[in-house]
Amino acid sequence: MKPPHSYSIADLAKHISAKIIGNDKIIITHVAPIQRAKTGDLTFLMGNAYRRYLSDTKASAVILSQADADACAVTALVVKNPEYAFARIAHLFNTAKKPIIGIHPTAVIAKTAHIDSSASIGAHCVIGENVAIGANTILHAGVIISDDVKIGSDCQLYSNITLYHQVTLGNRVILHSGVVIGSDGFGLAHNEGVWEKIPQLGSVSIADDVEIGANTCVDRGALENTMIETGVKIDNLVQIAHNVVIGEHSVIAGCTAIAGSTTIGRHCMIGGSTNIGGHLTICDGTIFTGGAMVTKSIKEPGIYSSGTGLFPNKVWRNVVAKLRRSVITDH
Amino acid sequence: MKPPHSYSIADLAKHISAKIIGNDKIIITHVAPIQRAKTGDLTFLMGNAYRRYLSDTKASAVILSQADADACAVTALVVKNPEYAFARIAHLFNTAKKPIIGIHPTAVIAKTAHIDSSASIGAHCVIGENVAIGANTILHAGVIISDDVKIGSDCQLYSNITLYHQVTLGNRVILHSGVVIGSDGFGLAHNEGVWEKIPQLGSVSIADDVEIGANTCVDRGALENTMIETGVKIDNLVQIAHNVVIGEHSVIAGCTAIAGSTTIGRHCMIGGSTNIGGHLTICDGTIFTGGAMVTKSIKEPGIYSSGTGLFPNKVWRNVVAKLRRSVITDH
Amino acid sequence: MKPPHSYSIADLAKHISAKIIGNDKIIITHVAPIQRAKTGDLTFLMGNAYRRYLSDTKASAVILSQADADACAVTALVVKNPEYAFARIAHLFNTAKKPIIGIHPTAVIAKTAHIDSSASIGAHCVIGENVAIGANTILHAGVIISDDVKIGSDCQLYSNITLYHQVTLGNRVILHSGVVIGSDGFGLAHNEGVWEKIPQLGSVSIADDVEIGANTCVDRGALENTMIETGVKIDNLVQIAHNVVIGEHSVIAGCTAIAGSTTIGRHCMIGGSTNIGGHLTICDGTIFTGGAMVTKSIKEPGIYSSGTGLFPNKVWRNVVAKLRRSVITDH
Chain A
877 MKPPHSYSIA
887 DLAKHISAKI
897 IGNDKIIITH
907 VAPIQRAKTG
917 DLTFLMGNAY
927 RRYLSDTKAS
937 AVILSQADAD
947 ACAVTALVVK
957 NPEYAFARIA
967 HLFNTAKKPI
977 IGIHPTAVIA
987 KTAHIDSSAS
997 IGAHCVIGEN
1007 VAIGANTILH
1017 AGVIISDDVK
1027 IGSDCQLYSN
1037 ITLYHQVTLG
1047 NRVILHSGVV
1057 IGSDGFGLAH
1067 NEGVWEKIPQ
1077 LGSVSIADDV
1087 EIGANTCVDR
1097 GALENTMIET
1107 GVKIDNLVQI
1117 AHNVVIGEHS
1127 VIAGCTAIAG
1137 STTIGRHCMI
1147 GGSTNIGGHL
1157 TICDGTIFTG
1167 GAMVTKSIKE
1177 PGIYSSGTGL
1187 FPNKVWRNVV
1197 AKLRRSVITD
1207 H
Chain B
877 MKPPHSYSIA
887 DLAKHISAKI
897 IGNDKIIITH
907 VAPIQRAKTG
917 DLTFLMGNAY
927 RRYLSDTKAS
937 AVILSQADAD
947 ACAVTALVVK
957 NPEYAFARIA
967 HLFNTAKKPI
977 IGIHPTAVIA
987 KTAHIDSSAS
997 IGAHCVIGEN
1007 VAIGANTILH
1017 AGVIISDDVK
1027 IGSDCQLYSN
1037 ITLYHQVTLG
1047 NRVILHSGVV
1057 IGSDGFGLAH
1067 NEGVWEKIPQ
1077 LGSVSIADDV
1087 EIGANTCVDR
1097 GALENTMIET
1107 GVKIDNLVQI
1117 AHNVVIGEHS
1127 VIAGCTAIAG
1137 STTIGRHCMI
1147 GGSTNIGGHL
1157 TICDGTIFTG
1167 GAMVTKSIKE
1177 PGIYSSGTGL
1187 FPNKVWRNVV
1197 AKLRRSVITD
1207 H
Chain C
877 MKPPHSYSIA
887 DLAKHISAKI
897 IGNDKIIITH
907 VAPIQRAKTG
917 DLTFLMGNAY
927 RRYLSDTKAS
937 AVILSQADAD
947 ACAVTALVVK
957 NPEYAFARIA
967 HLFNTAKKPI
977 IGIHPTAVIA
987 KTAHIDSSAS
997 IGAHCVIGEN
1007 VAIGANTILH
1017 AGVIISDDVK
1027 IGSDCQLYSN
1037 ITLYHQVTLG
1047 NRVILHSGVV
1057 IGSDGFGLAH
1067 NEGVWEKIPQ
1077 LGSVSIADDV
1087 EIGANTCVDR
1097 GALENTMIET
1107 GVKIDNLVQI
1117 AHNVVIGEHS
1127 VIAGCTAIAG
1137 STTIGRHCMI
1147 GGSTNIGGHL
1157 TICDGTIFTG
1167 GAMVTKSIKE
1177 PGIYSSGTGL
1187 FPNKVWRNVV
1197 AKLRRSVITD
1207 H
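Chains as they are written, first to last, in my numbering: chain A, 877 to 1207; chain B, 877 to 1207; chain C, 877 to 1207.
Among these hints, one or two may not hold up.
No copy labels: a pair is met if it fits in one copy or bridges any two.
[Said to hold, decoys possible] List time: in silico SDA-like cross-link candidates among lysine to any residue, alpha-carbon distance up to 25 Å:
#, residue 1, residue 2
1, Lys890, Thr1165
2, Lys890, Val1070
3, Lys1073, Ser994
4, Lys895, His906
In case anyone wonders, no lab produced these hints; they're calculated from the structure. Note that this is a predicted model, so its numbers are computed, not measured.
Next up, chain A with everything else stripped away, as it sits in the complex (with noise of 0.2 Å):
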């Protein structure tokens, strides 16, 4: 079978302002992991934990540094930054085909809806009144937009995601599958023994080259919008409370609950499962690593941890019974 994409090295190169060292006349088909890749593939090396397949990889050619240059048998494509220079070219090998520009004759659009001509919507995508989607975006099948929505151009909305009314998103946001951005902020008033709603007046404001995983959540403000800044990447399953903002930049790994009000800075790094409690400010540069439970406003950046670290389950029982006493023979 003939490879979907065939690239002559040279032209890679010149892709990524990268110096061959090597054969510049070879043809590259494939990209792959350095300790898996064979004749014909690209490859990159990054960090310390892969360099001991250098040596003997089998790729047909490796982007690195200039430090690891001299350890490569093969064709080498230098560059200041592998990694981005691995992403960039990453992009020329993506098999995922582009749906087809228009509208699907099973959408259902309402009238007053505005749909650039180069964008996409896909199969059973429903848009509300007064939405508007800007160039090139593409919305997968069976995308709901409500009613005075604003998408930006050159978007990309995966199926099954929904937008409630008045969400705006910026150019360049790329929403995953089951995404909900608006959902109504879990705002309660007691009265009595019993919870009342307290409406959520606000919205979302999603701004320029945002990613957000797949059955991730972004509540719409209470009263004014929850913010999610340029260049912001959140993982899967995360979830965004009402009045929440997030700094540009920054990036949100998996099952991470960020609770309301809370303001997180410019390029913070927040790890897996972490849980940031309520009306916290959280510093920029700020790093927590994963699990990190977050009960207090961070004013300097630098790297936070939480957690008892992982025990053999006898070894733990200990653990948690020394714990206990050291508070009992407190008192």
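Given chain A, put chains B and C in place with the hints provided.
Chains B and C alone, transformed into the frame defined by chain A:
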């Protein structure tokens, strides 16, 4: 642009049985948080955190309690429970449009389904055999209801929800997008190294006035019904396993997991990312703070917590090392 | 009302190769838990927790092991593995209706898709180019299958599922509503303060007899496939990141997160809300209790645990203070 809503302060005061102190002639066009409110806005004050904004708020009026009335520089609406009063006011300012009554022509409805003529069934909904849907209930686009489901009146089901067969919802139930009710519980029998599925023959009963957040899952019971009782409020991305019972007026914050056959009492408050084991009984009035790890039944109401708290990563490494050493010296 | 199912105890005994002790003429119409069973019901006993109900159960018959037979006041069906025997019986009492074979007229099917004539494709399903769907496979309403997906025979996909391009499912795979398979892994390259997307060029392979719970996500691999091996059972709201491998017959409870490139062995049992870091290897037969925080590879099978346990909040505050002090005195 003309504001979508406009009320006299006198009418609003009447709506919440408030006493007006100040100008009873003003017109309110929006609601806003106290620190950013401006002329024409109504806001509210509750608790200590925001009291410092009261003396120089730009709001036209503030809902507050008698104790705060003297410190208010603008018109005050005095009530016993400002948050609840505000919740009732906020309904008046909701700009979400009500869907049109009737069944969208693209919906697929089984002939044996009975849908009240005042209900609203959105585009691409699918409704199975013997389903009953009550008065004024709204199904937004893309809701899928399997056979023999019963839904009461005045419910609101947002887009892309799935209800499996035989699920029942009471009246005034709100389900947010991506909710799954009645999926199979995680019932497995071990047989010679292989896990065999135990068919889940129960269903799910959801009582009146329950609200369930986006992408939350409630599994059907193994033999009997999983039960969510009156007035329970559940946030996003919560897992309710088979045979669980959640008692009346309990609230559960996001990303919490409740394992199978556990019974949660009435008027409990469960913080985000709490992990509750299976086959436990949690008494009425229990409060778990976020991230609690519940491995035993709770017999006395109170506040319960888990976790090490948050440390700078270097310090945390010492904490873990200390815990490790403490049990080694024990042996 | 006539019960939907009715079997003679002799037929049921034959079905599970059980020895009947007692009345072999009775008719069973329902299955029920031992403590609430009544005349006409079959129940089962396994483990110690429910043995106290055996002497006065109102069930017509009980499936149990030889050791419990003497204590049984009603008809007994004696087997080696009562839970597994009950699982097989429960299939007979399942009242879920089978969908009609064939393709619903509202489904949108690419011309190049090949769907077996015994398959069932529900309303508003969307099926992409070159998709293959095997014999007896059921897609409930609203399932969206992207291009080049291969699905085996006897699978069941519930409503509102999304399968991205090139995903493969084996035979007898069950996916619950809201499942997303093949969404992009969380691959990012850092470049001058900005996170650039690394295209995810692998896909997801799911082997035979896998079941995946509602709203669980399995990301596609960066370069190779994320792999779920034979017989794996995954609960609701679980996050499986890119390049993860889950070994045969492992089970994973709800709200667990497994970070990228981690390999889980065979016959592992992972409790709910477990958080497993990236690039780890977990050996066959490992058990993590709920809420475990796994930051290192596991080389010896066993039970592993994390966490402080649960404390009354005031005591917990002392625990945290003690932990804090213990490291301060260290410096």
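- Enumerate the violated hints, using their earlier numbering and listing them in ascending order. 1
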